[in-house]
Each structure stands twice: as C-alpha cells, then as structure tokens.
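Following the hints, complete the assembly by docking chain B onto the known chain A.
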Amino acid sequence: MTTITLHPSNTKPISRLIIIAAGALLLFASCNKEENSNFTDTPIVEAYLLPGTDLTVKVSRQVPFSTSVTYSADEIDQIGMELNYGDNTVIMTPSGDGIYTAPGISMAEGDTFSLKFDFNEKTVKAFTYIPSKPDSMTQSVTKIYLSKIDSTSGFPGMGEMPEPVEISWSNPDNSYYLIIIENTSTDPEPIRELDDDEDRPAFVFRKAPTSNNRESLRPMEFEYFGLHRIILFHVLPDYAALYEQNSSSSLNLTNPSTSISNGYGIFTGLSSDTLYLEVKKN
Amino acid sequence: MSEKTKREPLKALNVFPAILLLLIGSHVLAQHKEYSFNNPGNECFMDYICYSPDGVYQSIKRPFVFIVGKTGETAIEAFQSDSVYNEAQFQHYMFVFLPGNKAGQQRQPRCIESLASLLTYNYYYGRDNLFLKLRDTSMSVMQLQESKLNTIFAAIKYPENSPADNETTTDQNVSTLFRETQIDYENYHRQIKEDGTGTFYVEDNKMTDNESVFEKAVKTYFGAPTRHAFTLSGMVKDRSTGEALPFATLLVKGTTNGTSANADGYFTLLKVPSDTSVLLVQYVGYQTTEVFLTPETPVKQLFVELAPLAVSLKTVTVVGKREDMVMNGRLEVATMKLSPKKLETLPNTGERDVMRSFQLMPGVSASNESSSGLYVRGGTPDQNLVLYDGFSIYHVDHLYGFFSAFNSNALKDVQLYKGGFESKFGGRLSSVTEITGKDGNSKRFNVGGDISLLSTNVFAEVPVGKKFTSIVAFRKSYKGFLYNKIFDKFSATSSYEVPREGGGMGRFSTETEVTSYFYDLNAKMTYRPTDRDVVSLSIFNGADKLDNGSAFSAAGFGMGNARFGSNSTDLTNYGNTGGSLKWGRKWNEKIYGNTLASYSNYFSQRDRTQERTTYNDDDEAVTTKTGVIENNDLKDFSLKSDYEWDAFRHSKIQFGAFATYFDIDYNYAQNDTSDVLNRSNKAALAGLYLQSKTKLFSDRLILTPGLRISYFGNTAKAYPEPRLALKYFISENISLNAATGQYYQFANRVTREDILSGSRDFWLLSDEKSVPVSEATHYIAGLSYEDNNYLFSAEAYYKNINSLTEYSLRFNPSPMGVSYDENFFSGNGYAKGLELMAQKLSGKFNGWIAYTLGEAKNHFDIYGDGFFAANQDVKHEFKAVALYKYRRWDFSATWVFATGRPYTAPSGAYTITLLDGTTQDFFTVTDKNSQRLPDYHRADISATFKLLGGLKGDKKRREYGYIGASIFNLYDRKNVWYKQFLIEDGSIIETDVNYLGFMPNLTLSLKLR
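Quick note, the sequences are listed as chains A and B, same order.
Everything in the first sequence is counted per this note's numbering, starting at 5 for the first residue and increasing by one.
Everything in the second sequence is counted per this note's numbering, starting at 43 for the first residue and increasing by one.
Just chain A, same shape as in the assembly (with noise of 0.2 Å):
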C-alpha cells in the first residue's frame, strides 16, 4: 500500500483524484457482458393416462433462454420409446410434432405402466399407475335454475340464487382429487350479457385439487347455461404438484420438481367418473 502523506495543502487534489478513479470505474462498470447460461437438451415428457383414452406421451424440447444453444443430435421424432406395461414390453410409435401412441392398450385400474428411452445421452425414465375409479360419486341436485342476467336485471337479488351444488365421493385414503365442469354444446348460452368487446369466458372450469371427499360447486362460478360434464378425477399426487407454487422469478429460480429422471414434465395416470348437470334458465 502506497503511503500518501495528507497536508493540507494537497488534499484539494486527492479528492479530485478520487473522484477520477471513481468515474474511471464507473465506466468500466456500466460493460456488461453477455454471459449465456449453460442449456442441458433435457427433454420434456407430457402423458395423461386415463383408461378409455388411447395412450398417448408427448415428447418437446425445452425453449431456450440463450439465442445461440446446441442441442443434442436427438431427433423428437425418432426416439425409440419403450413402454412396460405388466409383463410386455411395447416400443411406442411416432406420430408426427413428438406424439407417441400405443394403440390398443388398455388401462385399468391398478394397471402400472413405465416409460423408457433414451435422449441427450441420458436415460429418462418415468413410472406410474391408474389409481382406482372414483367411488360413490353423487351429486346434490342435477339440475339448477339461474336468472339470466342482463344491464336490466342487475344483481342477483332475494331468493334467485340456488344453493351450492354438492358433489361428493368416498375417499378413505385421503389422495387427491379434481373437478372439471365442461359445458358440452359448442355454443352455449352465456348466463351474464357479455359487451360487443368482450371475449367469451372459457366453456371449462375446474376446482382445485383436494385430498377431501366432497366440494361444492357455487353457482356463481357457472357462466354459461345448458348441459355441463362434471368429471371427477381421481389423481396421483405428481399430477397435484403441478398446481404447487413454481417459481419464475430470477428471485428463487430452483428446478421444477418431477417424477421423471432425466427429464421434466409429468406422466401420470388418472381415473375418472363423470356425472351431468343441467344449468336452466328462470
């Protein structure tokens, strides 16, 4: 460390000198350089299997923050997808933009199925089962009367509202459920006037994911009249995962969770039942 003497005399030209440094730094400072982030082709698997459905995996790649990455000579179309079910080996066939199907399988309950290939050097590897059909699924009232509301009709007033629609089902193990009210016409009816501008809500809704045995579907949360799909589904608690917090945030970027090694995404089988409701008007 260079020793300064500090008189008086020549501090004037010390402070200067500081101030110099200073904006020498700061200038140096303000380059920011272009760092890129490391990218791993580290693919990404999306299955729902539910019996009655073809099974069907959806293989993508991950979009890259960086403009300039190398991805791995793995072609999405060409992958050699193997699938284990029970005792039988099945390799998956390619169906054109990374869909894979198995036709003809059948998916009961119980049924285990895993997934297997090989991408970016690495083996992915994924496993589930069908959890059982959603038992002793009732509902409170099967059809609902709503008041069509309109700029002249205004709030619901005294009396017009109906009670919550009660769905509920037997769940001794306390695993995961979820509902999904499908409107079934393709152009239905909407129950509140919409303005010219406004876009259409959409003809699907559901409720959160819930280890308990019943949920009430309030009135409210229906905008549209006509025969609805109330499907409940029973599923596995990787699939709940995917309504956890997840962060996008440069705050707390962490990895998402998955089941899959060697990949992300979600492969997961499901169960369902599904019973009707019809919205009526006044």
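Hints listed in this document are in silico derivations from the structure and should not be mistaken for laboratory results.
It should be emphasised that the depicted structure is a prediction, and the values quoted were computed from it without experimental measurement.
Each hint should be verified, as a subset may be incorrect.
[To be verified] The calculated lysine-lysine pairs, modelled on DSSO-like cross-linking and capped at a C-alpha distance of 30 Å, are:
(1) B/Lys587 to B/Lys1049
(2) B/Lys313 to B/Lys279
(3) B/Lys384 to B/Lys521
(4) A/Lys129 to B/Lys970
(5) A/Lys126 to B/Lys970
(6) B/Lys899 to B/Lys1016
Using the frame of chain A, we list chain B on its own:
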C-alpha cells in the same frame, strides 16, 4: 459547583512566613482574608486580599469591586489606603485588593482577568456587577485596550490623569460608576437554565464577542499542578437534557491518552498527567468541549456536560468547528457512529431511518430496497447482530423491508462495528449494530411529534423527581398515497402463478378492504438511585399487519336459509417484542459493571386460507380450511454481565459472562389437515469473554487482544474465539488499524424463496446432524488521517466463511405419495474488499464520498465445483453525500451507485397443458447467479427548514421543529429488483420488475424543547 467560600489555592509557599504575616497583621486587619494566586515564579503570581464590609464571605451573588493598588503597592497597602468600602451603598459588596505592578515589572492585565474569573466562577450574570478600580498607572493604554477588561467589568475607574482616564465616562464618581444593577438572582438563574435546553440559532453579528450561547469553559487556574498521574472518572452528559452520552471520547489535549465513555456514559481516564491538563471531550452532534482541569476539579465524579451544536445564522464559514453527523471511531477499528438527531437533514422516504443512513457508509450495501437489514462487507443481514439496549432483535423490517423497525425519536446512539469486532460481542459472523435508546430528559418534560406522508410519530419524555426519567415513543403508519405506493410495489408482485380456480362471474366477487399498517412502541424507564447506580427497563414492540381477507356468505346475497359460507383469510402479521432490565454500577473508580436480563420475541404469522362451512348429510356444520398457514416464533431469553476494570495505567480489562436460551418454533401447514413442516428447536448457549485494551509506547499503540469462549448445548462443544485489534497512531492525525478474529454463529436465518411478500424467513438453530455451526475468520487492515476538517481512510478486509447452510424445501411428488423434503446444503464462502472514504467534517458545506470494491463468493457442492457469486455480491459501490447549511435551511443530496447484483436466469422453459385445458409454464436452471442485473443508481435530495421560536431579529431563538421536503429517486431511475420470466411464442421473455420510482415526501416535526 455550588456556592462556595473563597477558595484557597494551594500554596507551595513556606507556611511559616504566612503564619507570621497573619499573626502580625491580624490584629490590625481583623476582618479581611488573604490569599495567594499562583506560585512564585508564575508571571501572574500575586498575594491579594478579599474584604467583605458586612463580614459575609460565603455568597458570590453580589457585586464585586476589584481594586488594583498603585505601582509598587502590595495588596495590604492598597487595602489600607483605600476606603471606598466604607460607603453605605457598598456594604454588601465584596472587595478584592490586588497589588500594583512592581516597579519595572509589567504584569499583564490578563492576570486580573484570570483572578476575576476564578473568584466569580459560576457567577453567570455577574458581569453587570463586576467593577474595577485601577490605581496602577504603569499599565499602558495599549495593554488595557488589548486586554478587553471592559468586557469583563461593567465599569472601570482608571487612575486619575492617566491616558485611559480621558476615555472613560465623564461621571467619575465611584458611587455612581459602581452602582449595583439589581437582578433577581433566583429568577435569572432559572431563566438561564430554561434557556439552556434545546437547540439554538443565533444571530452572530448581534452577539458581542464575549457572549456565547453556552458558557465556554475558560482557563481559570494558572498555578502549578498539585497532582500527577492520577485517575479521573465521571460521566459525560447532554447539558440540556441530562442524557448520558454513551461512548463519548475523552482525550487529554496534546497527548494520545484517551478513553471512551461506556454505554452508560461513565468514563475513567487513567494517568492524567496533571490536574491542570485540558480534556477534549467529543461526541457526534455536540460541540467539542474543552474542560480545563484545576486542583479543585472533582476527580471521582466529574460531570462533563456537552452542549448540542448551536447553529449560526451568519453566512460566514466557521473553520475548525466540527459538524459531525457520522463519525469514524477515533479509538476503535472499523467502527462508525451515527447521530440520530442529525438524521433529519438527510433525505428520507417518510421516515428517518438509522439503518438506511448506515447504507450511505462505505462497506454497507445501499442497493437493496427490499430489506432494511444491513449487508455489511459482503455479509447477509442475519450475520449482523442487532442489539437494542442489550437485547437482540431478530427481524428489523417494516413494510417489506423498506423501513427498519427503529424509531429515531427514541434513539440516542447507534454504532456499527463493520468487522473484527471485540470479544464482548458474539454469535454473528459479520458485524454488530449497537443501538442505545434515549433515557429521557432528566431535567424537564418534553413532548413532540412528527407527521409525514407515511406515518405519524409522537414521543414524550417525563422526568419524575431527580432520579427517575422515562421516555415513550409511538409510531404508526397510515394509508396515505406514499404508503400505498410502497405497499403496492412490494406486496402485489408475486413470483409465482398458482393456476386459478373457478372462473365465473368475476364481477360479482365481493370487494375486499385491505387493511395494513405498521407500528412501533418504544418505552424506557431509568432510575438512578445513587450517583453510582443506574437501573433501566427498556421495552420494544413493533409489528406489521396486513389483512387482505374477505368474508363471503350467501346471506350477503339475500338468502335467508343460507347453507354455506366462505371466509377467505389473507393475513400477514409479523413483528418483535422485547425488553431488557439492566443494572449498571460503578463499584469504585476503576470498576464498572452491568448486568442485564432480556427477552426478545420475533413472531410471524402468515395465514392464506379459505374457510368453508358446509353442511354434511347429518346437517352438521363442517368447516374445512384450505390454503397455507405458516407460523414462526422465536424466543430468546438472555442473561449477561459485562465488567470493565481499569486495572493499570496502560490496560483496561473487560470481561463478562453470558447465557442465552433459544426456543424456536416453526410450523408450515397446508390445509388444516397436513403439516408440511413442524420444527421445534431449543438450545442453550453460554460462555465468557476476556479482553484487554492495552496502551503501549506512550499511548501510540492500542492493542486489544481478547478471547471469547462459548458452549453450545445442541452440539455439546466449546467454541473458542480469539480476537485481536490494533490501532497505532503514527502521528496525532494518522493512524494505522488492523484486526483479526474468529467468529461463530449458532443460529442462522433461512429464507424461504417461494414466498415474496410477507415474512419469509425463519431462524434455524445449529445441530449435530444437518445444520453445522458456521464460522468466519476476519482480517482487516487500514490507514486513516483525521484532523478537524477532513478525514481520509482506506481499509481492506478479507473474510473466510465456513459451514454455510443453504436450505431448500422441495415438494417431492412421486406416484406413491407426497413428501416435503427439507434439504440442508453445506458450503463455504469468502468476502473481500477495499473501502475508501473522504469526509469533510467542518464548515457549512460538508459531507463525504465513499467507494467500495468488493467480492463475495460461495461454494456449495450441489451447485457445482466452482465458486458462484453470492446473492449480495456487488463489485463496485460508490456513494456521495453532500450537506449544506444556510441559516435556517439544511440541504442535502445523496447519490448512490452500485453495479448489479447477480441473479439466476433460466436455461430453458417448457409448458404443460393441464386437464382443464389451461397451461402452466415451468423454468429450468443450470447455473446459479451467473447473470448480473443492470447497475443500480439513484439520487435523493432534501431540504429542511427550521421552525424557530421568538421573533425575527432576536438574538437567540430556540428551535421547536422543522418542515422537511425530500425526494427519493430524484430522476426516477428504473432500478431492477428482479426479473420475471414468461414463455411467449416459443421463446422466453424476461420482464423487469423495478424498485420504487420517484417518491416525494413532506415531514412536519414539532417539539416542546
């Protein structure tokens, strides 16, 4: 000093001649008293006589007449030859007869001045009743004019036919000239006391040279010293409020012999060279005071009273008068001190904040608006021990970290030890912030308050009798535009997107009224049963409450027989409660000790749930709660004792013992059925320390070696922490500092990264299994130059940190079940840097610039082999603070520049389509903290206008408040807080979430005194 009899300066004369003189003269001059002033050989040596016509020698509250005899006359001869004292009007006066100049000798007139000062010590208004009759013609006119005797004496009668005689008034009659001015002595004295409190503004050009706002100490004794190398002890207080001034510095002028007062204002100065030395007493925000010791000065209980800086309304710069707001520790290494009173002149955002002000110092990071904890030299806020009146505060944030939990109106002193701190403190790896609360005005009742665009603040100081003082301060925010602006910025931003349930009729959701506020309550009661004891009880309570809940019931929609209801709670409530009871006692002049028992509680509740009441088949109401509940409760019970023993001339020994019991409960539950985390930790920590402040090489070298040993119950091990600090004065102004030490931390704070708003941290106690005791080693070296006008310092530091713990809570789903895995990752790190500071200490325009070059890196095996930049790593940081005082105005401007903090960018992202058709984005990461945010800079300005009592043109006007306006982030720089990522059109888009922009604030502050 109370009323006294005439003091008899000690004589080195032979006693025998004196007795002879008395015996000879006694029967002739039965009623007068004879004294000597100084010793033979001293130029002001003289024998003088006091005579009181009414025989009363005790009182000094009366007119004095000094009579200087003719050339060659002794005092006795002057006494015998002058008979003015026989007049009736002079019966109650006091006459002092001085000998005239010896032939050929020229005794200076200032000797008369000195004697007059000595005899009328504490005689405040005696100037109107002090008279001089000069009969000695040998004093030249020039001497008389230069001596300014006319400023000491109300009237002077010059010798007849002397040149000076022609310039006196025409009225030569002594009776008229020496007429007493009647003064109601009692009331005048009280009025002076009354005027003495508060801060004053003076019109300097209206004051005569000899007047000052507060009586300046003057050298009154010119005699030989009677004592050498003695111990002086006492207390440093604020002259107007009586508050003890902790850590005030006392120096023997012209030497390097100095000491600091302790936390209660008591000091002991060993081996004071003589009882005529001069002490220089300094405390930030107060006038540096000189105390001229005399043989009469008490050596055991000397009360040194410092006056707050009075402000001059003149526009001329006073050079050499320090205007400190922040002071570098004069006798300590790496220490900074702040005056809470002076904070009102710095720009503020609704609240004067001590922690934010420390961010303007080198070594403390200023680019973090979302945490008011201090990041000192690359360390995190949980590595900074915050002590308030002796107990630890674990959470210092209000309003999402924008403000700290400390109300400046209740604070007396704040010190920051940036590193290498002494053995007295432990349990933290980086730094110590020691906050001392005010005791309360011991002389008069005081009340005051502030209101700003953010909060209101009110305080009261109530003394009861002479021994008891108290202070209460309360602060609460209100929902004005400023609160909303800060609140909206920091709470609404959410880092995660939870797929929203339902859809439907959004227009009919109930309006939720968000209540949120923060408050603080500080109270302290101090009782001084004797001059040696002080007992104080300090209470601290503050919390933030945020209530975003809503209640919805079908009844609200007009359904009488509603069979459901739903209650949505979104409640965040966190804060501190603490208190300490302390007993300090000065056992004898060398030993001071205090014992403290304290309790500190940090609580945090976060309840984001929905409560549904439904009816089951049996028509019973069933309430289910879904959502997240988080409860955090930390209790710290401590008992500690600290002693200072001024054992030897060159060594002050400090030792003590401490014991702390921790009880930490952390509970995180989802829905009311499942507990995700339930931790309950208890541990005991106890230990002792010993250190010695040793002065060597005639006080040029201050060496402080120390050892602290702690025993931690959870690991059943002892942890020795050796420390060493060194300060070497190369000259009176230049010093070299160095420090090194070992530090352990037994409780670490973990941040749950998945929650952005509300309190997101909890404290973890170390144990054998997953969380090791973290440790650090410090190395500090620096050089500083300081004189009355400037301070320059350079300091380099290196910290080596081991056994750091990172915590991650992973929700691990598998088809088989759900588990929450708590992962504790162990790693190590280092921080190093160089700090430079240049500060102008005096004059109307002052301030400082500070620059820090630093690096903080960590290594954790799970993140890879190399070191990655720590979250708080900032490479360059530059700060400039400029303060300008013009009459009643104070202007300040600050500018902060820091290079960007690191952040983790995603390496890739993907989208999953859920069963209901909605999509969810996910981001993957590879490198931790490999990117840098853009540079941070902002400027703040403020202007403060003092409100003064009295009328314009009055000589002296007391300050009773101020109006301040300040602007935060003057040029509305968009500083990036964090980045938000989104997948759009097959690529990842990042958007910046910025810190606060342009924010103006107005403050009105009023106080009684």
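We went through each hint and held it up to the structure:
1. Between B/Lys587 and B/Lys1049, the direct Cα distance comes to roughly 29 Å. Compliance with the 30 Å bound is thereby established for this hinted pair.
2. Taking the CA atoms of B/Lys313 and B/Lys279, the gap is near 22 Å; set against the 30 Å cutoff, the hint holds.
3. A distance of roughly 27 Å separates the Cα atoms of B/Lys384 and B/Lys521; the hinted pair therefore holds under the 30 Å criterion.
4. With a C-alpha separation of about 26 Å, the suggested pair A/Lys129 and B/Lys970 falls inside the 30 Å cut-off, and the hint holds.
5. Proposed proximity of A/Lys126 and B/Lys970 is supported: the alpha carbons are some 23 Å apart, at most 30 Å.
6. Proximity of B/Lys899 to B/Lys1016 is assessed by CA-CA distance (about 27 Å); at most 30 Å being required, the pair is judged to hold.
Comparing the model with each earlier hint shows no violations; every hint is respected.
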